[in-house]
Amino acid sequence: MADVQRPLPDLTEEDTHEFWAATRSGRLVYQQCAQCDTVVFYPRRHCTGCTSGRLEWKTSKGTGTIYTYSVVRQSYHPFFRSQVPYVVAWIDLDEGPRLVSNVLGISAPDLSLIGKRVRVEWETHESVSIPLFRLV
Amino acid sequence: MATQVRDAAIVGIHEYPSRDVEGRVSPLQIKAESAARALEDAGLKWSDVDAIYDAGEGGGAMSGLTIAEYFGIRPNVIDTTAVGGSSYEYHAAHAKRDIAAGKARVALLTYGSTAHSAAQRIGVGGRSGSRHPADNMEVFSGLTLVANYAMVANRHMHQYGTTSAQLAEIPVATRYHAMRNPEAVKAMQDLEFLNIRETTVDDVLNSRLIADPLRLLECCMISDGGGAVVITNPAIARDCRKPPVWILGTGEATRYPENGGDVTCTAAAQSGPLAFGEAGITPAEIDVAMIYDSFSITVLTILEDLGFCPKGEGGRWVEGGRLRFDRMDGPALNTDGGGLSSNHPGMRGIFLLIEAARQLRGESCSQVMDAKLAVAHGNGGMLGSRHCAGTIILGRD
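Chains as they are written, first to last, in numbering that gives the first Met the number 0: chain A, 0 to 135; chain B, 0 to 396.
Don't read these hints as lab results, they were simulated from the structure. Predicted, not measured: the structure shown is a model, and the values here were computed from it. Please note: incorrect hints may appear among the correct ones.
[Said to hold, decoys possible] Ranges of calculated distance between the beta carbons of each label pair, as one might list FRET restraints:
| # | chain 1 | residue 1 | chain 2 | residue 2 | range |
| --- | --- | --- | --- | --- | --- |
| 1 | B | C264 | A | W56 | 25 to 33 angstroms |
| 2 | B | D189 | A | A20 | 20 to 28 angstroms |
| 3 | B | M61 | A | A20 | 36 to 44 angstroms |
| 4 | B | E39 | A | S81 | 50 to 58 angstroms |
| 5 | B | D261 | A | R116 | 16 to 24 angstroms |
| 6 | B | M327 | A | A33 | 47 to 55 angstroms |
| 7 | A | T62 | B | A100 | 52 to 60 angstroms |
| 8 | A | E125 | B | F192 | 41 to 49 angstroms |
| 9 | A | A33 | B | S25 | 52 to 60 angstroms |
| 10 | A | L7 | B | S25 | 29 to 37 angstroms |
| 11 | A | W56 | B | L64 | 40 to 48 angstroms |
| 12 | B | G320 | A | R133 | 42 to 50 angstroms |
| 13 | A | L7 | B | T2 | 52 to 60 angstroms |
| 14 | A | T58 | B | C264 | 27 to 35 angstroms |
By construction, the Cβ of each residue, glycine as well, lies at the ideal position given by its N, Cα and C atoms.
The task is simple: from the sequences and hints, build the whole structure.
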């Protein structure tokens, strides 16, 4: 059986392709409105805070806090079934965006991970890098 | 109560009895069969129907057209609102509005699914490829549907001290009701449940983890099934076979991830006050709470957000079997057995309306004595990220 790999994003999707392009140079980016300061995430072409928005790309330091998480113990997905148990989490980046990712290096935490500090760790693929996280 | 308007009523209901059709019946056939039985229940005919509400699960992108032809009726009103499991609460809300506006006389809501026969791995399967930007940001993470809800539970525990034992009260209550419902018992047999009996909190805590902190007995089944609901105006309702179940109030809302948002707060916090406000009643007056029980945490957060108890106190509030039909401090929760133990073919919202109507007619297997008021609250999508909520308040004469 051929190696099954992690499902990867569609790099041509119109709203998010710039986010994924930035990952190739190890940059975790998000948008902020120059008009009203709203942080927009996931990426879009319009500001959700004001109608005259001018969105600018910013680069995150790649550090944040686990807002909430779960340990996935059952998956029928051909890739993820080989990964169980693994941690999925909503992560609040210090600049404001909240994103879904995995927390590496821990599969069955004894204590809650909520509030724990994390830092991005890139998983490099041929045409894109995936922002995963590790406890700091 | 002076402002309460009784301009539309549920007069016909049917729940398709089988949860395992073994691939021999299609979703469309389940919809049509259920529609015919619900119309008979009301004492009405296909030709009486002039408004169709359809979530598109059987007929594809043009379901408003294809379902009309399939049924063989020519409706004046077509509504194809598709918001997952909450679609049918939206449909009931829209039917009430359309009937009150004089645009519709007899509204037909139907649902059919063969999720079990088709072996759909709804809860723990992979996510299909999608070009929606939100999916494109999450597809790499292996976030299963169960884990999505589990993240709400973990945050609720962190924020409010809720325990797994408290969450377990919810599947224990729904199983208690399921064991009194022969169709639910048959469903559990057909879907090869182990140990089909009343459960305890310890049973739930001893079942295996699917996505921490949610365990097997906190997750709904995946069945085949469907049903139908007929809604009409007061003049026609008076001539129907069964007593009318009035739609007293409706509310609709969405909720999606926001930077800094509170994932323990569901769209019910917005739809609930709209529905209760329109009905002119409070949660304390509700006898029967039909709450979308995809998972234990879904019910706990929605009970709080509808105002049955203060936010964060749901865990303590449900302790001690409060949600059982034979308790006086109720409300009774999901007296058909719910999605956890009776019927969940993917979009359960129609069964919330059906069992609420049974209760207000006095026809439930776990009948609440002298039930007068019920709430049906559907949740569609995913609780921990983007979801829709529909709240319907129902009352008898």
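For this session: Could you work out which earlier hints the structure fails to respect and list their numbers in ascending sequence?
Result: Failing hints, ascending: 2, 6.
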